[in-house]
Amino acid sequence: IMRLLTSKKERVIRMKPPRAVSKLEKILFPIIGVILTCFISPSALPLLGMLFFGNLLKESGVTKRLAVTASNALIDIVTIVLGLTVGASTQATVFLKDTSLLIFGLGALSFMIATAGGVMFAKLMNVFSGKDNKINPLVGAAGVSAVPDSARVVQNEGLKYDPSNHLLMHAMAPNVSGVIGSAVAAGIMLSFLL
Numbered sequence: 001i002m003r004l005l006t007s008k009k010e011r012v013i014r015m016k017p018p019r020a021v022s023k024l025e026k027i028l029f030p031i032i033g034v035i036l037t038c039f040i041s042p043s044a045l046p047l048l049g050m051l052f053f054g055n056l057l058k059e060s061g062v063t064k065r066l067a068v069t070a071s072n073a074l075i076d077i078v079t080i081v082l083g084l085t086v087g088a089s090t091q092a093t094v095f096l097k098d099t100s101l102l103i104f105g106l107g108a109l110s111f112m113i114a115t116a117g118g119v120m121f122a123k124l125m126n127v128f129s130g131k132d133n134k135i136n137p138l139v140g141a142a143g144v145s146a147v148p149d150s151a152r153v154v155q156n157e158g159l160k161y162d163p164s165n166h167l168l169m170h171a172m173a174p175n176v177s178g179v180i181g182s183a184v185a186a187g188i189m190l191s192f193l194l
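Counting in this note's numbering, the sequence shown runs from 1 upward without gaps.
Be a bit skeptical, because a hint or two may be false.
[What the hints assert, rightly or not] With a straight-line Cα cutoff of 27 Å, these simulated DSSO-like cross-link-like pairs (lysine-lysine) come out:
no.: 1; residue 1: Lys16; residue 2: Lys26
no.: 2; residue 1: Lys8; residue 2: Lys134
no.: 3; residue 1: Lys16; residue 2: Lys160
no.: 4; residue 1: Lys97; residue 2: Lys9
no.: 5; residue 1: Lys9; residue 2: Lys23
no.: 6; residue 1: Lys9; residue 2: Lys123
no.: 7; residue 1: Lys26; residue 2: Lys64
no.: 8; residue 1: Lys9; residue 2: Lys64
no.: 9; residue 1: Lys160; residue 2: Lys26
no.: 10; residue 1: Lys97; residue 2: Lys8
no.: 11; residue 1: Lys134; residue 2: Lys97
no.: 12; residue 1: Lys64; residue 2: Lys160
no.: 13; residue 1: Lys160; residue 2: Lys9
no.: 14; residue 1: Lys58; residue 2: Lys26
no.: 15; residue 1: Lys16; residue 2: Lys123
no.: 16; residue 1: Lys123; residue 2: Lys64
no.: 17; residue 1: Lys16; residue 2: Lys97
no.: 18; residue 1: Lys134; residue 2: Lys58
[Stated by the list, open to error] Here are the in silico distance ranges between beta carbons for each label pair:
no.: 19; residue 1: Glu25; residue 2: Asn133; range: 33 to 43 Å
no.: 20; residue 1: Lys26; residue 2: Ile75; range: 14 to 24 Å
no.: 21; residue 1: Pro17; residue 2: Val62; range: 37 to 47 Å
no.: 22; residue 1: Leu159; residue 2: Thr63; range: 12 to 22 Å
no.: 23; residue 1: Gly105; residue 2: Phe39; range: 31 to 41 Å
no.: 24; residue 1: Ser177; residue 2: Arg65; range: 40 to 50 Å
no.: 25; residue 1: Gly117; residue 2: Lys97; range: 40 to 50 Å
no.: 26; residue 1: Phe128; residue 2: Thr79; range: 18 to 28 Å
no.: 27; residue 1: Pro18; residue 2: Phe53; range: 33 to 43 Å
no.: 28; residue 1: Ile75; residue 2: Gly130; range: 35 to 45 Å
no.: 29; residue 1: Phe128; residue 2: Asp98; range: 17 to 27 Å
no.: 30; residue 1: Val81; residue 2: Val127; range: 24 to 34 Å
no.: 31; residue 1: Val127; residue 2: Thr99; range: 40 to 50 Å
no.: 32; residue 1: Gly117; residue 2: Arg19; range: 18 to 28 Å
Simulated from the structure, these hints should not be mistaken for laboratory data.
Cβ coordinates follow ideal geometry from the N, Cα and C atoms, glycine included.
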């Protein structure tokens, strides 16, 4: 999809290095994020609250041991427990149906649409941005919530056309934004269903 929607000239666009983010901004981001999530989508708060809390642990620098434990041992334990509980509660009679294939198909289609939309939006932004402020359209493809794989795909695709053009850090911004946006959207949809 990225190759279909971009020209070779667009794939080698070099972006300015990201600006330095101050310590205050790094600490305020999770606090403001939690407050906004409370107002916009309270149903998404358990998921995004943990994301923002982990970010605050890391960025504050006060709780170094907790931050290291949360980012290493604890995340591995939680991943194993989550996988076990989901796997144990899934019954083959419920899971192996036509509906499951439809859901997988819709998920794949939504990833394709999001990838194409991100690339096209980056191209649209280039129309209005200055000559020195161009955005590599490949970065738009990282706007899906597959962290960090979609950003790595963008990085690898960019390196194929220009081995010294590193897009990973530029691609991580829309990648994390995609995660936050997906969680908020899921929380809003969940609030309509319950």
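Practice item. Mind listing which of the numbered hints don't hold for this structure, in increasing order? Key: 4, 5, 8, 9, 10, 11, 12, 16, 17, 18, 19, 21, 22, 24, 25, 26, 27, 29, 30
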